[in-house]
Structure formats: C-alpha cells, structure tokens
Amino acid sequence: MAQAVDTTSTNAEMPKTKPASPWTLAFRQLRRNKIAMSGLIVIIMMFLICFVGPFLSPYSLETMSGPSNKGPSASHWLGTDKLGRDILLRVMLAGRISLLVGLVAMMVSVAIGSTLGALAGYYRGWVDTIIMRFADIMLSIPALPLLIILGAVLSDIQVPPDQRIYLVMFLLGFMSWPGLARLVRGQILTLREQEFMQAAEVLGLRDKRKIFRHLIPNTIPIIIVVATLSVAGAILMESVLSYLGIGVVPPTPSWGNMISAANNLIDFKKRPWLWIPPGVCIFMTVIAINVIGDGLRDALDPKMKK
Amino acid sequence: MTEPLLEVNHLKKYFPIQGGIMQRTVGHVRAVDDITFTLNKGEALGLVGESGCGKSTTGRTILRLLEKTEGTVKFKGTDLHELSRKELRAMRPKMQLVFQDPYSSLNPRINVGTAIGEALVDHGLVSKHEIRDRVKEILSICGLAPYHIDRYPHEFSGGQRQRIGIARALIMNPEFIVADEPVSALDVSIQAQIINLLSDLQEQKNLTYLFISHDLSVVEHLCNRIGVMYLGSMVEMAPREELFARPLHPYTKALLSAIPVPDPTRKSERIVLQGDIPSPANPPSGCKFHTRCPFAKEICKQQVPKYEEMASNHFVACHFAGEF
Ligand SMILES: Nc1ncnc2c1ncn2[C@@H]1O[C@H](COP(=O)(O)OP(=O)(O)OP(=O)(O)O)[C@@H](O)[C@H]1O
Ligand code: SF4
Ligand SMILES: [Mg+2]
Numbered sequence: 001m002a003q004a005v006d007t008t009s010t011n012a013e014m015p016k017t018k019p020a021s022p023w024t025l026a027f028r029q030l031r032r033n034k035i036a037m038s039g040l041i042v043i044i045m046m047f048l049i050c051f052v053g054p055f056l057s058p059y060s061l062e063t064m065s066g067p068s069n070k071g072p073s074a075s076h077w078l079g080t081d082k083l084g085r086d087i088l089l090r091v092m093l094a095g096r097i098s099l100l101v102g103l104v105a106m107m108v109s110v111a112i113g114s115t116l117g118a119l120a121g122y123y124r125g126w127v128d129t130i131i132m133r134f135a136d137i138m139l140s141i142p143a144l145p146l147l148i149i150l151g152a153v154l155s156d157i158q159v160p161p162d163q164r165i166y167l168v169m170f171l172l173g174f175m176s177w178p179g180l181a182r183l184v185r186g187q188i189l190t191l192r193e194q195e196f197m198q199a200a201e202v203l204g205l206r207d208k209r210k211i212f213r214h215l216i217p218n219t220i221p222i223i224i225v226v227a228t229l230s231v232a233g234a235i236l237m238e239s240v241l242s243y244l245g246i247g248v249v250p251p252t253p254s255w256g257n258m259i260s261a262a263n264n265l266i267d268f269k270k271r272p273w274l275w276i277p278p279g280v281c282i283f284m285t286v287i288a289i290n291v292i293g294d295g296l297r298d299a300l301d302p303k304m305k306k
Numbered sequence: 001m002t003e004p005l006l007e008v009n010h011l012k013k014y015f016p017i018q019g020g021i022m023q024r025t026v027g028h029v030r031a032v033d034d035i036t037f038t039l040n041k042g043e044a045l046g047l048v049g050e051s052g053c054g055k056s057t058t059g060r061t062i063l064r065l066l067e068k069t070e071g072t073v074k075f076k077g078t079d080l081h082e083l084s085r086k087e088l089r090a091m092r093p094k095m096q097l098v099f100q101d102p103y104s105s106l107n108p109r110i111n112v113g114t115a116i117g118e119a120l121v122d123h124g125l126v127s128k129h130e131i132r133d134r135v136k137e138i139l140s141i142c143g144l145a146p147y148h149i150d151r152y153p154h155e156f157s158g159g160q161r162q163r164i165g166i167a168r169a170l171i172m173n174p175e176f177i178v179a180d181e182p183v184s185a186l187d188v189s190i191q192a193q194i195i196n197l198l199s200d201l202q203e204q205k206n207l208t209y210l211f212i213s214h215d216l217s218v219v220e221h222l223c224n225r226i227g228v229m230y231l232g233s234m235v236e237m238a239p240r241e242e243l244f245a246r247p248l249h250p251y252t253k254a255l256l257s258a259i260p261v262p263d264p265t266r267k268s269e270r271i272v273l274q275g276d277i278p279s280p281a282n283p284p285s286g287c288k289f290h291t292r293c294p295f296a297k298e299i300c301k302q303q304v305p306k307y308e309e310m311a312s313n314h315f316v317a318c319h320f321a322g323e324f
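Heads up: the sequence lines are chains A and B, in that order.
Residues in the first sequence are numbered consecutively from 1, following our numbering.
Residues in the second sequence are numbered consecutively from 1, following our numbering.
Bound-form chain A, shown alone:
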C-alpha cells in the first residue's frame, strides 16, 4: 500500500505541534518591532483612558462643574472651558467619538474597497471598467473641498448632532475606499492567474467562495496595512472637518471641535489648556497608528518595504 512505501509523510508518532499559520509568524515579527509596539501601547492606553476614564470622573458633561475658564488645578487637572466644564472629561469623551469615527470610517472603507477591488480584479471586463472608472473619478476629486460641501449640506438640512456623527463616519469611509480598491484589484489580477485558482475552478467552487475565501485572504496583508493607516487618516480628517465646524458639531465633543472652540486670539494665547490637550491627543493617536501601520507592513509583507 501507499503508506508502506512512504516513510517521509506518515509518521504517526510525530509530535503534535501547534499549526503555525502565516499569521502566527507575522505576529511574532511584529512583536519584535519596538517602535510599532510602543505605538500599540499608546493606542491601547488611549482607548482605555477614553472609554474607561469618564466613569472615574467626578464630573458630568451636562452640569457646570466649576468656574469657567480656569487653568489646571487639583480639582480640574486640565482646567475648565468657558462654560465651566471639566476639560479632562471633555477630552476623554471627545476621544471616544474621534476614535470611533476613525474605526467605523475604516471599516466602511475596507468593506467597500476590498469587495469592489476584488470584484473588478476577478471579473475584469465591463465590471472592472465601471468600478475602476468610478474609483478614478473619486480619486481625482480632492477630498477636503468635497467634504466641506457635504458638511455644509448636512448643516443646511439640519441633521441632529447625534445622528450627524454617523453620517460623518460613513462619509469619511466612503471617501477613502478607491485607494484600497486599486491595491486589492492589482493583487487579485495576479492572484487569479495562480495555479491554485485553476484548482478552485476545476473543483467547481462558487465564485463567491473563490473571491472571499481564496482571493481576498491573500490580500489581507495589504488590506490590514492600508486599513490601519486609514484609521489615522479618518481621525485627522474628522478633526479638520470638526475644526471647520462641519464635521462633528457641538454639543457632541470631538477633538477637532474642542480646538475649534479655542479659535480666538485670547483663548489661544492665554488659555492653552483649552486646545493643547485635544491637540496632543490627535497628534499622539495619529503618530501611534502610523507606526503600527508601518510595523504591520514590515511584518506582513516584506516585499512592500521601501
């Protein structure tokens, strides 16, 4: 029998080692990257502070918790704003919104970008033409002016602030899918010619399975890298929009609109506690996410290294 002749493959006594998937290997490499790991720690801290911190605060947003426009003190570590609200609490709650906007925008962008990119690369022909023309058009329109117009429209039709943040999330996500779609499409075009895709065809697998189980998982390294970086992009863009008063609008706090509230010379010069904390948060979060993204790129796809 076949087993008898083969000594290399069947060795029942072989110890059972844990299967090392390509992911495990990549994760090990990421763990050795000190810069990326510090970025990860910063992000985890940021999430903890923003999502757990407010429960530990003695103050609440609705009520004035102290005298207005006071600098940092023992009772208000980061001071108070002109309505007498605690800045630390506001920064933490704004962080929830900003981080959430970044994450949801990223997920929207990944869902649209990877699916459309994969469909374009797999079916080619007119499907490809339509999707990629649309992506080209979106890429050629500068994002900021378009978002400013859309933001103004949102203000004009008077969307309530609490629903508005969802619209901002989806808008930001929708603006950033074409770049990812292009990358995914490019990879799928080469992947679909691989022999394992002929194997999938000869086995009679459904298109759905071929695309979502065989092709897209092979593009996940690139998707993860782009997705991570796009969280930073979305947070930054949200801050810009909110600073301009057309993203997340008060009373919902966000880092961008907190800075915007200090948008006059007196606040800027005399009351730095109003704008430094949200500014530092934006800066640290964006830098941390970017170094994680770079670390992931090195760990997942060595070929992408510059």
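Mixed in with the good hints, there may be bad ones.
Residues of chain B placed beyond 12 Å of chain A at every Cβ, according to the derived structure [as the list claims (entries may be wrong)]:
{"id": "1", "residue": "Ala-90"}
{"id": "2", "residue": "Gln-100"}
{"id": "3", "residue": "Ala-119"}
{"id": "4", "residue": "His-123"}
{"id": "5", "residue": "Pro-153"}
{"id": "6", "residue": "Arg-292"}
{"id": "7", "residue": "Phe-295"}
{"id": "8", "residue": "Ala-296"}
{"id": "9", "residue": "Gln-303"}
Okay, derived cross-link-like pairs now, DSS-like style, lysine-lysine, Cα gap no bigger than 27 Å in a straight line [said to hold, decoys possible]:
{"id": "10", "chain 1": "A", "residue 1": "Lys-208", "chain 2": "B", "residue 2": "Lys-306"}
{"id": "11", "chain 1": "A", "residue 1": "Lys-210", "chain 2": "B", "residue 2": "Lys-94"}
{"id": "12", "chain 1": "B", "residue 1": "Lys-74", "chain 2": "B", "residue 2": "Lys-297"}
Since the hints were made in silico from the structure, they are not lab data.
No residue lacks a Cβ here, since even glycine has one placed at the ideal position from N, Cα and C.
With chain A fixed as given, assemble chain B with the ligands onto it according to the hints.
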C-alpha cells in the same frame, strides 16, 4: 461496444499573439492542433512530448479550463464545451486535475482540511459535520496522517504537498483524472512513491487517467496506452507494449532511443535529433517534424501526413510509417 468515457475530436486550441501598438492579433500559437482520441473507462493514457508541445494545453482544454478554438470534447456523451457555466460546475467533481507544481497549486492561506474538503461542501455533497471525517479518511488513503488536517501547506514537503493535491482531487470521487506532470517537480525517490500511489488508486477506484509527462520512462509504469505529441499534434498513439516494441514514427523512435536501457544485450542506437523545436506560432509546412526528421523526403515538406490506424489501435502520422 460501450461508449467511451472521453471522446476528443479534432480539438484545437490557438492562443492569439498580440502585437503592434494597436495590440491587434498578429498570429496564433497553435498549442493544440487537431487532436483526436478516445479513452475508455479504466484506461490510463500517457501523453508525452517535449516541453512546449502542448501537453498541458491539451489537458486543460479537455477539462475546459481553457476555451477550445475548434473541435469537441465529449465526456460520457456530453460535449463539455457546450455546457453553461452552471451545468459545467455540476460536472466538475467527475473530472479532476492533479497539478505539476505542488507549491503554486495549493493556496498558502487555506489549511489542508479546508483545501481538501471545501469543494464537497460547496457542492452540497457532504455536510459540514461529516466533512472532517471524510478528509481524514482520504488523507490516510493518500499516505498522510489525520492530524495533518489543521496544518498549512508551507509545513509540508513537495511530495506531501503532491499527496494533498491528489487527495483534493480524489475526495470528489472523480471518474477521470488529468495528471499534468504530477511527479516532474519531485525528487526521483519521491516520484516512485507518487506513481505507486496513483497506480494503487487506479486499481481501487477504477479511475481513468490522462497522464502527462515529458518522460517516457515515467509513463511506462502507469499507462496502458501512450500518445506522443509534437508541436501540438499527435504523431503516434499505441498500446504501451506495441509502442515500445514497434514504434512507427521517427520521433517516437528518437524518444525511445533516449531512454537508458539497463539490458546491455539490447541494442540501443541513440537517435539524436538535430536542430531546435520550431515555434508553434509558425510550424513547418507539411509534416511538422520534417525539419528534424532524419528520414525526411521531399513529400514531407509539402503534404501533411494523415493520422491513420496502421495496426490495430496503433495510430501514426507519417508518410513512411514503419518503412525504416
Ligand atoms: N495562456 C497562454 N497564452 C499564450 N500561449 C500559451 C499559453 N499557454 C501555453 N501557451 C503556449 O502554448 C504552447 C504549449 O504550451 P503547453 O504549456 O501546453 O506545453 P507543455 O507541453 O505542457 O510544455 P511543458 O512540458 O513545458 O509543460 C507553448 O508554446 C506555450 O508557449
Ligand atoms: S512524414 Fe516525413 S518528415 Fe514526417 S516523420 Fe514521416 S518521414 Fe519524417
Ligand atoms: Mg506542461
């Protein structure tokens, strides 16, 4: 007589060559150029020929991984190239392919259990609960261990990967398997194991093989019939013993003479072919082999020799078949 399992009739596959700034079609690579043969159930047909002569293209066009240019391929009486995508998908399990390259033919991100079992589930032939048992069963039939099921392809050697590829084809319970040089990427010691496995499986399951190889000695052990290809055409096809004992085509003779003979009493005059293989985009006129044939005459340059049955079940395409 019962109906043959596979009937290939005047099959042609031309690849367009694009050229110029307009990317117009400036010519064709005649990868498969008018091939006809039948295959009965339980047979193993070996397809041999030099690299680039169109063996893989023949196999893939038969399985309709490539669209034909002309001709018909009938599998159990159904013309595969006439089927809709849906009908073809339903036929897929019955005809499988084993690949040459055990590395690129396995998806690196899919573990062994899924790679082997997913198609049965996708076709709705086996439920998700039963599939692991089926995969384990097939793994041990193919000489692998059940605990390999959760591993990824990169954890296996070339020979083991080839067994995974065979298991993946076999679990579909196919009637017909195209094996496209399944051993040429492997070490010689492993080659014999894989060939033994394929031959055991054929016996147990009454499989029908189209076994592609550039090496006659590999085909010799497994196949009861052998076809020889040159530049996209079949030049000779005969039962194994007949082909080895009485080759009628000069090209077959040259191939046979290149096999090292262990028996020193058997005379072995090595026929060395002169010149390079012509391009299949621009094959020689008349008999495509005339540029390299040691026996070529004037007529060979002008007239295409007919592919005819010279002896029982022995087909050959040469003006002077067996005359030398
Ligand atoms: N997709 C393709 N597009 C254009 N030409 C092709 C394509 N596939 C194969 N060919 C050409 O068709 C001819 C036959 O190729 P094929 O792969 O069938 O040969 P083969 O006999 O299998 O060779 P090998 O032993 O190297 O595998 C070659 O000249 C090759 O260049
Ligand atoms: S037909 Fe002529 S050239 Fe062709 S194989 Fe026969 S003898 Fe040689
Ligand atoms: Mg080949």
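For each hint, the structure was consulted:
With a closest Cβ-Cβ approach of about 8 Å to chain A, Ala-90 of chain B is found to fall inside the 12 Å limit, against its non-interface label. At the 12 Å boundary, the C-beta of Gln-100 of chain B falls inside the reach of chain A, the nearest C-beta of that chain being 8 Å off. Distance to chain A contradicts Ala-119 of chain B as a non-interface residue, since its nearest Cβ pair spans about 4 Å, not more than 12 Å. Under the 12 Å C-beta cut-off, the non-interface status given to His-123 of chain B relative to chain A is violated; the minimum distance is some 6 Å.
Listed as a non-interface residue, Pro-153 of chain B fails to keep its Cβ farther than 12 Å from every Cβ of chain A; the least gap is roughly 9 Å. For Arg-292 of chain B, the shortest C-beta to C-beta distance to chain A comes to about 31 Å, beyond the 12 Å cut-off, and the non-interface label holds. Annotated as non-interface, Phe-295 of chain B keeps its C-beta farther than 12 Å from every C-beta of chain A; the closest such distance is 40 Å. Its beta-carbon lying about 38 Å from the closest one in chain A, Ala-296 of chain B satisfies the requirement of being farther than 12 Å from that chain.
No beta-carbon of chain A is positioned within 12 Å of the beta-carbon of Gln-303 of chain B; the least distance is around 38 Å. Restraint check for Lys-208 of chain A and Lys-306 of chain B: the C-alpha separation of about 47 Å exceeds 27 Å, so the hint is violated. Our distance criterion of 27 Å between C-alpha atoms is met by Lys-210 of chain A and Lys-94 of chain B, whose separation comes to about 20 Å. Under the criterion of a C-alpha separation no larger than 27 Å, the hint pairing Lys-74 of chain B with Lys-297 of chain B is inconsistent with the structure, at around 37 Å.
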